[in-house]
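Student: Heads up: the sequence lines are chains A and B, in that order.
Residues 1 to 98, numbered by this note's numbering, are exactly what the first sequence covers, in order.
Residues 1 to 141, numbered by this note's numbering, are exactly what the second sequence covers, in order.
Do not take every clue at face value.
Claimed, not checked - Keeping only pairs whose Cα atoms sit at most 20 Å apart, straight-line, the calculated SDA-like set for lysine to any residue is:
id: 1; chain 1: B; residue 1: Lys129; chain 2: B; residue 2: Ala139
id: 2; chain 1: A; residue 1: Lys13; chain 2: B; residue 2: Asp45
id: 3; chain 1: A; residue 1: Lys56; chain 2: B; residue 2: Gly76
id: 4; chain 1: B; residue 1: Lys113; chain 2: A; residue 2: Trp49
id: 5; chain 1: A; residue 1: Lys13; chain 2: B; residue 2: Val46
id: 6; chain 1: B; residue 1: Lys129; chain 2: B; residue 2: Ser67
id: 7; chain 1: B; residue 1: Lys118; chain 2: A; residue 2: Lys72
id: 8; chain 1: A; residue 1: Lys13; chain 2: B; residue 2: Ser83
id: 9; chain 1: B; residue 1: Lys118; chain 2: A; residue 2: Arg28
id: 10; chain 1: B; residue 1: Lys113; chain 2: B; residue 2: Ala128
id: 11; chain 1: A; residue 1: Lys13; chain 2: B; residue 2: Ala37
id: 12; chain 1: A; residue 1: Lys72; chain 2: B; residue 2: Pro50
id: 13; chain 1: A; residue 1: Lys13; chain 2: B; residue 2: Ala38
id: 14; chain 1: B; residue 1: Lys118; chain 2: A; residue 2: Trp49
id: 15; chain 1: A; residue 1: Lys72; chain 2: B; residue 2: Asp51
id: 16; chain 1: A; residue 1: Lys56; chain 2: B; residue 2: Gly79
id: 17; chain 1: A; residue 1: Lys72; chain 2: B; residue 2: Gly48
id: 18; chain 1: B; residue 1: Lys118; chain 2: A; residue 2: Glu94
id: 19; chain 1: B; residue 1: Lys118; chain 2: A; residue 2: Phe19
id: 20; chain 1: B; residue 1: Lys118; chain 2: A; residue 2: Glu52
id: 21; chain 1: A; residue 1: Lys72; chain 2: B; residue 2: Pro53
id: 22; chain 1: B; residue 1: Lys113; chain 2: A; residue 2: Arg51
id: 23; chain 1: B; residue 1: Lys113; chain 2: A; residue 2: Lys13
id: 24; chain 1: A; residue 1: Lys72; chain 2: B; residue 2: Gly79
id: 25; chain 1: A; residue 1: Lys13; chain 2: B; residue 2: Gly47
id: 26; chain 1: A; residue 1: Lys13; chain 2: B; residue 2: Asn82
id: 27; chain 1: A; residue 1: Lys13; chain 2: B; residue 2: Asn33
id: 28; chain 1: A; residue 1: Lys13; chain 2: B; residue 2: Val42
id: 29; chain 1: A; residue 1: Lys56; chain 2: B; residue 2: Asn33
id: 30; chain 1: A; residue 1: Lys56; chain 2: B; residue 2: Arg87
id: 31; chain 1: A; residue 1: Lys56; chain 2: B; residue 2: Phe36
id: 32; chain 1: A; residue 1: Lys72; chain 2: B; residue 2: Val46
id: 33; chain 1: A; residue 1: Lys13; chain 2: B; residue 2: Arg40
id: 34; chain 1: A; residue 1: Lys13; chain 2: B; residue 2: His41
id: 35; chain 1: B; residue 1: Lys118; chain 2: A; residue 2: Ala15
By construction, these hints were calculated from the structure, which means they are not laboratory data.
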Amino acid sequence: MTRFQIGDRVTVKDATSMFHTRTQAYTRGRTGVVVEHRPEWVIPEDEAWGREDGRKEPFYVVRFLQRDLWPKYTGFDADTLETECSERWLEPAEEEPK
Amino acid sequence: MSSPNSFDALQTRVADIAPVYRNPLDSPYELSNEMFAALRHVLHDVGGQPDLPIEYEEKVEEPWEMSTYVTCECLGWRGVWNSEERRRAENDLGATLYFGLPYYARWATVAAKTLINKGLITPDELSAKLDEVRARTEAAS
C-alpha cells in the first residue's frame, strides 16, 4: 500500500541526516507533486550500510517547480525537476487547496 | 626509491589540490547547530552550489572504465556490496579525492577500500599489487 497517490502534493521533511543521505538539501522543506510510483526497495539509510535485508518502503518520484527550489531561478516558470524519495521522507503538504 | 626531492614534489602537489579559500575550524570547543549541519552535509549533494562550466565531450567508455564497472557489478552479485554502499564510500573519500579522481577511478578506489574494510583483502596486498602493475606498465613503455 502506498501512502501517497499520483497527483498528491507532498513536502519533503527537513530531517537530520547523519553520514549519508539521498535526500538532497535543496529539496528539504520544499513542496512538490507525486508523479510516479517506484517499486518498494530497501531505504538508503539501511542499504548504504550493507543491510540489504533492511527496511523496505515505496519510493515516489516527486516533481518540483524549479522556481520553488531556487529563489533566484531565471528560467521558465514551467520548468520542473524530478527526484525520488522513500516514503519516510514525505508528508502531506500543508497548504491552501487550490 | 623515494628521495627527499620526490617527497618535496609530493608535498607541493598535495598543497596544490587543497581548497584555497577556507575557514579552518581547528577543533573548536563549541559548534552552532548551523555549523554542525554544514559539517554533516554530504559531499555528493552538490545541487545549487555555484560552479563553473566544464567542457562537454562526446566520448565512449574506455575499456578500463567498462572493466571497472563490470568488476564492481560482479562484486555486488557475489554479495560484497551494493550501489548505495558504493555511493556512501565515494562520499567518504573526502572532497579532494572525490573531485580529484576520474569517475570510474572513484569506483575502483572505493571497491578496493570496501574489500579492505570487509577484511577480504589487506592494504599491503593491494599496495604490492599496485607496485607489481606499475612495474609491468613501466617496463612495457
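Student: Which of the numbered hints above does this structure break?
Tutor: The structure conflicts with hints 7, 8, 9, 18, 23, 24, 26, 29, 31, 35, although it agrees with all the remaining ones.
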